[in-house]
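Chemist: Chain residues, written in single-letter form:
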Amino acid sequence: MSHHIIDFNELYYTYPDGKPAVNGVSCRIRHGESVGIVGANGAGKSTLLMLLVGILLPTKGEIRVSEIPVTKKTLPVIRQRIGLAFQNPDDQLFMTTVYDDVAFGPRNYRLTEPEVEKRVMRALETVGIEHLKDRAPYKLSGGEKRAAAIAAVLSMDPDILVIDEPTAALDPKSRRRLLNLLKGFTHTKLIATHDLDLVLEICDRTIVIKEGRIASDNSPLKTLADAALMEQCGLEIPLTLQNCPVCGSPPRR
Amino acid sequence: MSNITDSIYKMRFLDETADKRTPVHDLHPLSKLLVTIAYVTVVVSYGKYDVSKLLPLVFYPVVILFSAEIPLLPLLKRTLAVMPLVIGIGVFNPVFDRETIAVIFGLPISGGWISFISLLLKCVLTVLSALLLVATTGMERISFALRMLFVPRIFVMQLMLTYRFISVLLEEAANIWNSYTLRAPRQKGISHQVWGPLLGQMLMRTYDRAQRVYQAMVLRGFNGEYNTGSAKQLLLKDFLYLASWVAFFAAARHYNIPLFIGSILTGVGK
Amino acid sequence: MHMADALISPAVGGTMWAATVGITAYSIKKIQDDDLSDKMIPLMGVMGAFVFAAQMINFSIPGTGSSGHLGGGLLLSALLGPYAGFLTMASILLIQALFFADGGLLAYGCNVFNLGFYTCFIAYPLIYKRFMRKGYAPARIFWASLIAAIIGLQLGAFSVVLETMFSGKTELPFGTFVALMQPIHLAIGIVEGLATAAVVGFVWKARPEIMEGHAQAAGAVSIKKVITGLAVAAIIIGGVFSWFASTHPDGLEWSMFKTAGTEELEAPEGIYQTMSDIQGKTAFLPDYNFKATENNIEKTNAAESETEEASWPAVSSGTSLAGLAGGILTLALAAATGFFINMLKKRKNAAGIA
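Residue numbers (the working numbering), protein chains in the order written: chain L, 1157 to 1409; chain U, 195 to 464; chain X, 59 to 412.
Hints were generated in silico from the structure; no laboratory data involved. All residues carry an ideal CB built from backbone N, CA and C; glycine is no exception. Heads up, a few of these hints could be off.
[As the list claims (entries may be wrong)] Computed Cβ-Cβ distance ranges for the label pairs, DEER-style:
(1) Ala245(X) x Arg1278(L): 50 to 60 Å
(2) Ala393(X) x Gln427(U): 46 to 56 Å
(3) Asp220(U) x Met401(X): 20 to 30 Å
(4) Arg1184(L) x Asp402(U): 47 to 57 Å
(5) Thr1396(L) x Tyr194(X): 47 to 57 Å
(6) Asp402(U) x Lys1378(L): 15 to 25 Å
[What the hints assert, rightly or not] Stretch-level coverage of chain U by chain X, calculated; a stretch enters the list once three of its residues show a Cβ under 8 Å from a Cβ in chain X:
(7) 198-210
(8) 248-258
(9) 383-393
(10) 427-440
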């Protein structure tokens, strides 16, 4: 695979009801980067992701993925390269079994059935749920659903993984499992999340969004330890960077 | 609300029984679907005074029930639950049809009673067979059989989506109901003042969810065509299963087997 | 309101299946033609699940102490347009038939027709849509939903009566049956109408684009198309009717329903008399003649093979007893088979564990 770079050029998006959501975002995501996108509720994180995969098209500016502009025409190519895992896995797991759901994408790209099976099994193995392949989605736990939704994206063989709020509503163990999983991926990753500890742990770059603009773009440690910035953007210094609540000693880093 | 949790439980129960591995479960869904349709058609084709002649058809649910290891009681309960309409309509038969058409141990039985019993029996048998189809096959394999019967993709696809999201939305409905009743004790249902907001909000959320589902599908290359996996082959056993049941149904329909057995037993009839 | 399998004859079931298949095929074609199919599929699927769940929520009905719930047919067509609404209704009914035994497989055609066709293709375009021609307004939404729901349900209920009567499964005189069914469904229709009005009214205020979202698609539904739809259904029903009828020289008569699937013809004289009396009283197709049809069926209806033996040849204590004894033995055999299979299974399982 060639190097894939995502370029946001002066991106604007205003919702049909007139509410501006993205107000001039420009940045470049390089091959293999793991980028955490953080910001308060309604800051424009999800909108940005929607724009990236062409669910929404920008009112102004453009996005280029490996030099291909995201337009109506290029959507099939773009969407094959970028895999988006939704915030709520129930929206994404729409088939009646896990296997069929993971196979949905490959089948739409008209792969042969043996090839589909190979891809599905590989994706399920990657996320460690091959034993759940014949289950109905409603029988899965929250963590399993999340894993299945990620497998459904992986089976498309994307170069870039975009994940919206991966750890929402997960218990600590499932969250840990997911974190380890994400760490293992070599894909370029864009993760929109409120889980700042996750960003600290698996991202090497953090973009803070505030009112549709980039408020900061730096290494996670520098960004998340900046109390003033965090306060300004409706965030908080992650627990792992705060002083110990019992003895008051600073964190080990 | 017990009604909602009940429905969730009912669907899951059938789903779980459909996951079992027994010889019946392993049969091709198409074969089972066709047998069920044949069975239901034969059962309702019996005359309204046929009771004894209908009885051999009891074998079908009994055999399936036991060979597929399906618990009897939950299915029977559900069967009884749908009887009221049939009872409501059938109960008038004894009132309007008083002609004696059978005498048992010197007791005259009117046509109305016979036809009422026959109606109830038919109801139990048809309902049981439909439930047994789901309990041994499951929704996705039934959908698969529908595709083989040339039911259009659009229909099968949206059928499966409805089925998939029923459990999600039933849970949502249960949450709404619970949060309402917790704050409005001693109400029989939801007050008419909030009919609109309550269901309306749920509807709007559902609408948005449908949009997200659509996006999730489009992101994975969906363009209106739903591609199923490779077809499961119909094997010899599937044909045999279909043929032997249909032969049995035809025989039971054609000859009054119980009357024949009874005639030999009692030495009358001829 | 769901018809049960036990209440219909194969001929009626088959006919209604054919009609339903016809309307379904037409609706699918319309959706594909409008090139909305890819967007419509998830919307139909998820909305179907919504209606299913919404039916579970009980509303208290003011002033009565009782409660009712939403039916959904009208709401679906108001949201998705008649074609998608009809298809969605069809899949809800299929799931209800399979999982909840609400209406059976053979009666499925009847149920889709009774609950889907009248609301989506009569009540919606002819009543609801007419009210809304001048745009949405609270009062219009209220009356449109109420009247459309009532009429849709009345037609459906009347359909249930006809289907049951044609199937010959009830001894209820036609008039009595109608007098029982229609008022009950008037009450249900009012509740359905009020609930639909409340939901539509709310959604229209909060998110008008949802209610008007399908306006382009729905706008295409003209009276002409409804009539075309009706004609298609009529042609299908007529076609199937005449196919059945062709086996009977009498032609298209009520009697052929009685003979195609059931065999009260084999019953003794007294029954014919009673039936004829009821027939005479209800004056529904008075030229109905059991004797004549009996003769015809002897000649023609070999396929049904009912003439080959008589199940209750005469009022004879002996045959009745034989029937009873044989019946009990059959049931005992069935039960024994069950136990036998069960035993085999257990032994096999035990062997498996050991």
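Chemist: 47 to 57 Å was suggested as the range; check whether the CB atoms of Arg1184(L) and Asp402(U) agree with it.
Modeler: Hint violated: Cβ distance 32 Å, outside 47 to 57 Å.
Chemist: Using the C-beta atoms of Ala245(X) and Arg1278(L), is the stated range 50 to 60 Å upheld?
Modeler: Holds: the Cβ-Cβ distance is about 58 Å, inside 50 to 60 Å.
Chemist: Is it true that the C-beta distance of Asp220(U) to Met401(X) lies inside 20 to 30 Å, as the hint says?
Modeler: holds (21 Å)
Chemist: Just to make sure I understand the rule, a stretch counts as covered if three or more of its residues have a C-beta closer than 8 Å to a C-beta of the chain. Does the region 427-440 of chain U meet that for chain X?
Modeler: violated (count 0)
Chemist: Verify this for me: three or more residues of the region 198-210 of chain U with a beta carbon less than 8 Å from a beta carbon of chain X.
Modeler: holds (count 5)
Chemist: Can you take a look at whether the region 248-258 of chain U is actually covered by chain X? Rule is 3+ residues, C-beta closer than 8 Å.
Modeler: With 6 residues in contact (Cβ-Cβ under 8 Å with chain X), the coverage given for the region 248-258 of chain U holds.
Chemist: Taking 46 to 56 Å as the hint, is the beta-carbon distance of Ala393(X) and Gln427(U) inside that range?
Modeler: Between Ala393(X) and Gln427(U), where Cβ atoms are some 36 Å apart, the hint is violated.
Chemist: Is 15 to 25 Å a correct range for the gap between the Cβ atoms of Asp402(U) and Lys1378(L)?
Modeler: Once the Cβ atoms are compared, 37 Å apart, the range 15 to 25 Å for Lys1378(L) and Asp402(U) is violated.
Chemist: Under a C-beta cut-off of less than 8 Å, do 3 or more residues of the region 383-393 of chain U approach chain X closely enough to confirm the stated coverage?
Modeler: holds (count 9)
Chemist: Within 47 to 57 Å: is that where the Cβ-Cβ distance between Thr1396(L) and Tyr194(X) falls?
Modeler: holds (54 Å)
The structure does not agree with the numbered hints 2, 4, 6, 10 stated previously, though it agrees with the rest.
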